[in-house]
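Below, each chain spelled out in residue letters.
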Amino acid sequence: MMGWQALFYKEVLRFWKVSAQTIAAPVLTALLYMLIFGHLLEGRITVYDSVSYTAFLVPGLVMMSLLQNAFANSSSSMVQSKMMGNLVFILLTPLGPLSWFAAYVLAAVVRGLVVGLGVLLVTMWFAPLIFVAPLWILVFALLGAAMLGTLGLIAGLWADKFDQMSSFQNFLITPMTFLSGVFYSIHSLPPFWQQVSHLNPFFYMIDGFRYGFFGVSDVSPWLSLGLVGGAYVLVAALALQLLRSGYKIRG
Amino acid sequence: MTAISFQSVSKSFSNARGTFTALDGVSFDIQAGEFFGLLGPNGAGKTTLISILAGLMQASSGRIQVHGLDVQTQSAKVRKILGVVPQELVFDPFFTVREALRFQSGYFGITDNGVWLDELLECLGLADKANHNMRQLSGGMKRRVLVAQALVHKPPVIVLDEPTAGVDVELRQTLWQFIARLNREGHTVLLTTHYLEEAEALCSRIAMLKQGKVVALDNTSTLLKNASSNVLRFKLDEQLPTELAAQARITGRIVQFPAHDAAQIEHYLAAVRSAGLQAQDVEIRKADLEDVFLDVMGAAP
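Line by line, the protein sequences are chains A and G.
Sequential numbering of the first sequence, starting at 5, is according to my numbering.
Sequential numbering of the second sequence, starting at 117, is according to my numbering.
Keep in mind that the hints are not guaranteed to be accurate.
As the list claims (entries may be wrong) - Distance condition first, Cα-Cα at most 30 Å in a straight line; then the derived BS3-like pairs of lysine-lysine:
#1 A:K252 x G:K193
#2 G:K193 x G:K329
#3 A:K86 x G:K258
#4 G:K258 x A:K165
#5 A:K252 x G:K329
#6 A:K86 x G:K196
#7 G:K326 x A:K252
#8 G:K196 x A:K252
#9 G:K193 x A:K86
#10 A:K252 x G:K258
#11 A:K86 x G:K270
#12 A:K21 x G:K258
Stated by the list, open to error - Example chain G residues on the side facing chain A (calculated, C-beta under 10 Å, incomplete):
#13 Q174
#14 E204
#15 D208
#16 I226
#17 A266
#18 H269
Derived by calculation from the structure, the hints in this document are not laboratory data.
Using N, Cα and C, we set each Cβ at its ideal position, and we do this for glycine too.
Taking the hints into account, I'd like the entire structure generated from these sequences.
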């Protein structure tokens, strides 16, 4: 076994041991959204002609939960280890920046996918769901989880305390996911807010993901893939640079 | 072979109030197989030096080599050689003792060291706690796990940063027996401690740090020889006259005078008597490392 695999396994086991909090809770939250919004808005809103509102909502909720939990995994693990001081156990090993990166991001991807799958399993019964292009679903799920896992790693390295971490989450990650078209198509927005939504990278992740289900989307999935992929390269480069320089972890 | 070589290591911290120099040109070598003691009062720079050695911090200038490898530029190789027991009592609350040791081994790419992990658990008195969660352990037990974690990869160079601070006598005995055995088997040991009798009993050579500088560096036996060889010790209910008190070390009722020979001892006793004071429980003992330590710390600039 390579060193990074041990760290990856440790990171997975860390959330698995408290799965009521890290998997069941977000699945329940998404189920509540589905019950309330699905019940209230079904029949009142038409997003795409061929797709019911409840069906439209399912992929949005899946992706939102996937993104938020991928972020939560790497960020909370890193902040907690820094605060508890047990990050020293990893700092004292020969593991290099790439190993850290791979372990933290992949564990976040696993958490994101597990939660996303859980949300899919409990919400798919509310609407007839089709999977037009499964490969797109998989590509955007993986890319989205990796993106948020990497952002979580950056945030975890940057934050010194839990409250800094939660402001990152509450004022950046949550608004950006909510305003990315989880609950609505941005075509239903006034033109100005449509333009603003196009600046939100989360919009492309959810839009591309949804394309995989219905074969319809606000923008081309190729455009989404290009933008999200390009953004990921930048974010990953930043995370690796922070790890390489020992930013806030090696004095 | 030189196990650890500190070469003009300096470290300063800057903040809004100015620059603080934690280490000021520290240089000394530790030979392979040595049991080496690093002593100094709080704030002398011991932990800073250890942190730079362990790659947790970067030196402002100078460098450190471990087995001839630079700790900065060849860090991955150096960390395989080093086993560091950190001073802070840290643990990962998610895992059991055995899980913590297995993961720590895994980080070094080691998976087949079950026999060694069992031996570590046995020798450190942790065998019956192996499947307990870290949170359930007492402070002393957590400290033992820290030691075990530092040793999972059988490091040739073991660094212990105040491993016995605030732990009970039993652990100290268990720990020192085990570390002494590893030292006999060829492991180099670098120890920082506040317990001078520990350093005296275990370390063959000692460096003393004060305000970031090495103020003494010698064999333990030579250090003891060079200090005042005897100490006159007695108890006193009254206050000593000022000029006598200046030469004594006073802890509550206990008064101690460093002395080189019998004439000096007689001189002090006579002075106490002529001051009209009654010395009780008078004894003369050999100077120990604590006396040397206080001498050096008092004299050094």
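Against the structure, the hints come out as follows:
1. For the given pair, K252 (chain A) sits about 23 Å from K193 (chain G) by alpha-carbon distance, which is consistent with the 30 Å threshold.
2. A distance of roughly 28 Å separates the Cα atoms of K193 (chain G) and K329 (chain G); the hinted pair therefore holds under the 30 Å criterion.
3. Under the criterion of a C-alpha separation no larger than 30 Å, the hint pairing K86 (chain A) with K258 (chain G) is consistent with the structure, at around 18 Å.
4. Between K258 (chain G) and K165 (chain A), the direct Cα distance comes to roughly 24 Å. Compliance with the 30 Å bound is thereby established for this hinted pair.
5. Taking the CA atoms of K252 (chain A) and K329 (chain G), the gap is about 27 Å. The hint holds against a cut of 30 Å.
6. A C-alpha spacing of about 22 Å is found between K86 (chain A) and K196 (chain G), which places the hinted pair at or below 30 Å, so the restraint holds.
7. As the CA atoms of K326 (chain G) and K252 (chain A) are separated by approximately 28 Å, the hinted pair is consistent with the 30 Å bound.
8. With a C-alpha separation of about 23 Å, the suggested pairing of K196 (chain G) with K252 (chain A) holds against the 30 Å cut-off.
9. At roughly 24 Å between alpha-carbon atoms, K193 (chain G) and K86 (chain A) fall within 30 Å of each other, so this suggested pair holds.
10. Pair hint K252 (chain A) plus K258 (chain G) holds up; C-alpha atoms about 26 Å apart against a cutoff of 30 Å.
11. Proximity of K86 (chain A) to K270 (chain G) is assessed by CA-CA distance (about 26 Å); at most 30 Å being required, the pair is judged to hold.
12. A distance of roughly 21 Å separates the Cα atoms of K21 (chain A) and K258 (chain G); the hinted pair therefore holds under the 30 Å criterion.
13. Checking Q174 (chain G) against chain A: minimum C-beta separation of about 7 Å stays under 10 Å; hint holds.
14. Given the 10 Å rule on beta carbons, the hint for E204 (chain G) holds: about 5 Å separates it from the nearest Cβ of chain A.
15. For D208 (chain G), the interface hint holds, since its Cβ comes within 10 Å of a Cβ in chain A; the closest pair sits about 5 Å apart.
16. Satisfaction of the interface hint for I226 (chain G) is found here, the shortest Cβ-Cβ separation to chain A being roughly 8 Å, below the 10 Å cut-off.
17. A least Cβ separation of about 8 Å between A266 (chain G) and chain A falls short of the 10 Å threshold, and the interface hint therefore holds.
18. Against a cut-off of 10 Å between C-beta atoms, the interface hint on H269 (chain G) holds, since the closest Cβ of chain A lies about 9 Å away.
Every hint from the earlier list agrees with this structure, and none is contradicted.
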